[in-house]
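Peer 1: Given next are the chains, with one letter for each unit.
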Amino acid sequence: MVDVRSGLGEALPPPEVEDVELYHPHSWWTRYVFSQDAKIIAIQYATTAIAIGMVALVLSWLMRLQLGFPDTFQLVDAEAYYQFITMHGMIMVIYLLTALFLGGFGNYLIPLMVGARDMVFPYANMLSYWIYLLAVLVLVASFFAPGGPTGAGWTLYPPQALLSGTPGGKDWGIILMLSSLIIFIIGFTMGGLNYVVTVLQGRARGMTLMRMPLTVWGIFTATVMALLAFPALFVACVMMLFDRLLGTSFFMPAIVEMGEQLPYGGGSPILFQHLFWFFGHPEVYIVALPAFGIVSDLISTHARKNIFGYRMMVWAIVIIGGLSFVVWAHHMYVSGMNPYFGFFFATTTLIIAVPTAIKVYNWVLTLWRGNIHLTLPMLFALAFIVTFVNGGLTGLFLGNVVVDVPLSDTMFVVAHFHMVMGVAPILVIFGAIYHWYPKITGRMLDETLGQIHFWITFIGAYGIFFPMHYLGLIGVPRRYYELGETAFVPDSVHTLNAFISIMALIVGAAQIVLLFNLVWSLRHGREAGGNPWRATTLEWQTPETPPPHGNWGKELPVVYRWAYDYSVPGAPEDFIPQNQPAPSRVSHEAAS
Amino acid sequence: MSIMLIFLTAIAAVIVWWLAQQRLASKPWLEVGHARDHRRAAPLPAAKVGLGVFLAVVGSLFALSFSAYFMRMASSDWGTLPLPGFLWINTAILALASAALYWTKLNAERQHGEAARTGLLVALAAGLAFLVGQLFAWRALANAGYLLAGNPANSFFYMLTGLHGLHILGGLAALGRVTVHASDAGFDRRTRLSVELCAIYWHFMLAVWLVLFALLSGWATEVVVFCRQLLT
Chain A
1 MVDVRSGLGE ALPPPEVEDV ELYHPHSWWT RYVFSQDAKI IAIQYATTAI AIGMVALVLS
61 WLMRLQLGFP DTFQLVDAEA YYQFITMHGM IMVIYLLTAL FLGGFGNYLI PLMVGARDMV
121 FPYANMLSYW IYLLAVLVLV ASFFAPGGPT GAGWTLYPPQ ALLSGTPGGK DWGIILMLSS
181 LIIFIIGFTM GGLNYVVTVL QGRARGMTLM RMPLTVWGIF TATVMALLAF PALFVACVMM
241 LFDRLLGTSF FMPAIVEMGE QLPYGGGSPI LFQHLFWFFG HPEVYIVALP AFGIVSDLIS
301 THARKNIFGY RMMVWAIVII GGLSFVVWAH HMYVSGMNPY FGFFFATTTL IIAVPTAIKV
361 YNWVLTLWRG NIHLTLPMLF ALAFIVTFVN GGLTGLFLGN VVVDVPLSDT MFVVAHFHMV
421 MGVAPILVIF GAIYHWYPKI TGRMLDETLG QIHFWITFIG AYGIFFPMHY LGLIGVPRRY
481 YELGETAFVP DSVHTLNAFI SIMALIVGAA QIVLLFNLVW SLRHGREAGG NPWRATTLEW
541 QTPETPPPHG NWGKELPVVY RWAYDYSVPG APEDFIPQNQ PAPSRVSHEA AS
Chain B
1001 MSIMLIFLTA IAAVIVWWLA QQRLASKPWL EVGHARDHRR AAPLPAAKVG LGVFLAVVGS
1061 LFALSFSAYF MRMASSDWGT LPLPGFLWIN TAILALASAA LYWTKLNAER QHGEAARTGL
1121 LVALAAGLAF LVGQLFAWRA LANAGYLLAG NPANSFFYML TGLHGLHILG GLAALGRVTV
1181 HASDAGFDRR TRLSVELCAI YWHFMLAVWL VLFALLSGWA TEVVVFCRQL LT
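Heads up: the protein sequence lines correspond to chains A and B, in order. Using the working numbering, the first residue of the first sequence is number 1, and each one after it goes up by one. Using the working numbering, the first residue of the second sequence is number 1001, and each one after it goes up by one.
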């Protein structure tokens, strides 16, 4: 054992407080509503995202009721079914996952984890939230518009999205949807600039890029990707709005509808698909990379062990980010593309499996011989690894052209993407909520309620999505309102569908436990203290919990080590915070 | 999408160049105890970095629109659009705005307040004149029967010039704020930075316009055809 003394080595004196122009709220309104504090904005983002996410959850219930028990519920007719499927997908992918990971966790964690007082452009950050809220309201408005929301599917493929056979195609539905997306992208850009520039410019002294927690790496890379990919959706939406409102033919081919020649001609629906998926595929990783980053930190903290292969983890995040821009057409194998094209995109798609697999190995190797605490964040992190491997493996099937073509329109695809970008990131979000709630509120979430929530959600999600793989392999088509009498669909499919629906109802209801826990623990939760998980990263070292405006009191933190000094041999405790100066040289060599 | 991929390659080159300076191969677990962070002594102002990132986003937006233009062009219903001659004048006006801002920036650095203020006003006027000129171009085309929905070439013309015009409008708003601020407070450090940022933005929008103009007038197509011939 080596005597570890702190305060030796090359410890620098803490920097004087820079005269940063911190914005100072003067009234209740500017403090809690039109706030420019990233932490308040984060809570606003998260609350809005979860609220609209609950709408999407109820929509999925309604869809499952129809699929599990066809002709039982009058509420869901074919039109409504397609509207629900569209809104469910769009809300979950963009207005919940993207907004929650980047707007919610990004806003809360980036300044705290890199040791900044706030985002670099607080005003734009505030605008970002309010524009996001406007986008959500426009989206919600489409439920009340004549004709209801659009039923074009979340991919909004033209020409069907603009035809009268599709709900909302000739009414307000599609217009409101496209407008809402455009507004969302404008708002996101304002927030995204903040996240990127704060990481680039706002880091505390000593916080090199390679000392940043992987959470920040994940959110940072995802934001860069989102900033480059969202313009594709923006352009696609603007052009489609032109087609719908001004009669241009960017995407609309010559088409006869109900015996009537429409005034369109020559447009290219494939062009839309290219633009959409140029956004759409990076979007998968925009959701996944923050989840990768957060889960790395959860595993390391709750296994009391440094993350295995930190450098590899960083490189993998960056490489995945880069590669994800050259795989978009694997969503379009069935659009009739040049076979060489398909070969190229299948290759790039499968190459992504390499850095992703490295990440999975490193998570598992971090757990190996770790001091695993089965806390709620750890349970969710473990569930994530399993789920992500599952979804990733089916991705290998679908990435191959020859396997994808027959499976493309079946429930297999639904099972795949729900596992990999639905359930997996959501599990991380839950884990992150249980992990950071004590910092946000100063109180712990209730453990028993959390266990109930975890086990029902985890097992239930498998009850929903695992059988869907089998349905897909049998050939049960996706997107169908009802199966009817179909020769190749055996009766067991209907039983399975009923089972899936019941599971979906249960899992959905289990989320009420979480919501109750979130509200109840605000008042009645156990006092958390500043660092309940005994974690190393800077956000747990704030002088006050919850951190006040400005985060750090008088002096900014100085960073002396990386984010993963857990169970360092010879250290008095099993974690050394990032802002703790060096132990003596002797002990350091013993440690390494 | 090849244009977008070329644009992305350029962005990727910038990112790789930047990452190469960040010591990504260092072993942070061994570097315990010091707070050196290898950053430059005088870092770039956050606003400048922010503008750089924003221009990457705008660049991506236009690169994607240009990609869409080329892809849509391949279909048989593509017509031609005779560009009104005074788009050349508009181009000159936009170049004038850009030049005026460059001049303003130089004068603001030397604390020639009067000259710098004049430069700002010239740039503002030129920016406005460019927008008015674009509206005239729209009207001239519409009067000649080239309506928005008539042909995809027309649609792209109106959409792309509109998109570019909206960005100019945003630039004008920023420029207006700087002008007001400069006449109130003179050219302190903050205003000088704002002037510099405005100048960068306008140079960028001029560059976008030049590419757009080349695209719409068909030269870009000839260049692309020429490149294809070289490759095949």
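Take the hints with a grain of salt, since some may be wrong.
[To be verified] For the chain B half of the interface with chain A, some residues (derived, Cβ under 7 angstroms), not all of them:
(1) Ile1006
(2) Trp1029
(3) Gly1033
(4) Gly1050
(5) Val1053
(6) Leu1055
(7) Met1073
[What the hints assert, rightly or not] Residues from chain A that keep clear of chain B, each with C-beta distances beyond 12 angstroms, as calculated:
(8) Trp28
(9) Ala254
(10) Gln261
(11) Gly553
Since the hints were derived computationally from the structure, they do not count as laboratory data. Positions of the beta carbon are idealized from the N, C-alpha and C atoms, including for glycine.
Peer 1: Is the nearest CB of chain B more than 12 angstroms from the CB of Gln261/A?
Peer 2: holds, 15 angstroms
Peer 1: Min Cβ distance, Val1053/B to chain A: is it shorter than 7 angstroms?
Peer 2: Hint on Val1053/B: holds, closest Cβ of chain A at ~5 angstroms, below 7 angstroms.
Peer 1: Please confirm whether Trp28/A is truly not at the interface, meaning its C-beta sits more than 12 angstroms away from all C-beta atoms of chain B.
Peer 2: The claim holds: Trp28/A sits with its nearest Cβ about 29 angstroms from chain B, beyond 12 angstroms.
Peer 1: Could you let me know if the closest chain B CB is still more than 12 angstroms away from the CB of Gly553/A?
Peer 2: holds, 19 angstroms
Peer 1: Interface hint check: Gly1050/B, Cβ to nearest Cβ on chain A, cutoff 7 angstroms. Holds or violated?
Peer 2: holds, 5 angstroms
Peer 1: Regarding the hint that Trp1029/B lies at the interface with chain A, is the smallest CB-CB distance below 7 angstroms?
Peer 2: holds, 6 angstroms
Peer 1: Take the shortest C-beta to C-beta distance between Met1073/B and chain A; is it under 7 angstroms?
Peer 2: Since chain A brings no Cβ nearer than about 10 angstroms to Met1073/B, farther than 7 angstroms, the hint is violated.
Peer 1: For Ala254/A, is the shortest CB-to-CB distance to chain B above 12 angstroms, so the non-interface label stands?
Peer 2: Violated, because the least Cβ-Cβ distance between Ala254/A and chain B comes to about 9 angstroms, which does not exceed 12 angstroms.
Peer 1: Quick check on Gly1033/B please, does its C-beta sit within 7 angstroms of some C-beta on chain A?
Peer 2: holds, 2 angstroms
Peer 1: With 7 angstroms as the cut and Cβ atoms as the points, is Ile1006/B at the interface with chain A?
Peer 2: violated, 12 angstroms
Peer 1: Under 7 angstroms, Cβ to Cβ, is where Leu1055/B needs to be relative to chain A, so tell me if that hint holds or is violated.
Peer 2: Leu1055/B check fails; min Cβ-Cβ to chain A is 11 angstroms, beyond 7 angstroms.
Of the numbered hints given earlier, the model fails hints 1, 6, 7 and 9; all others are met.
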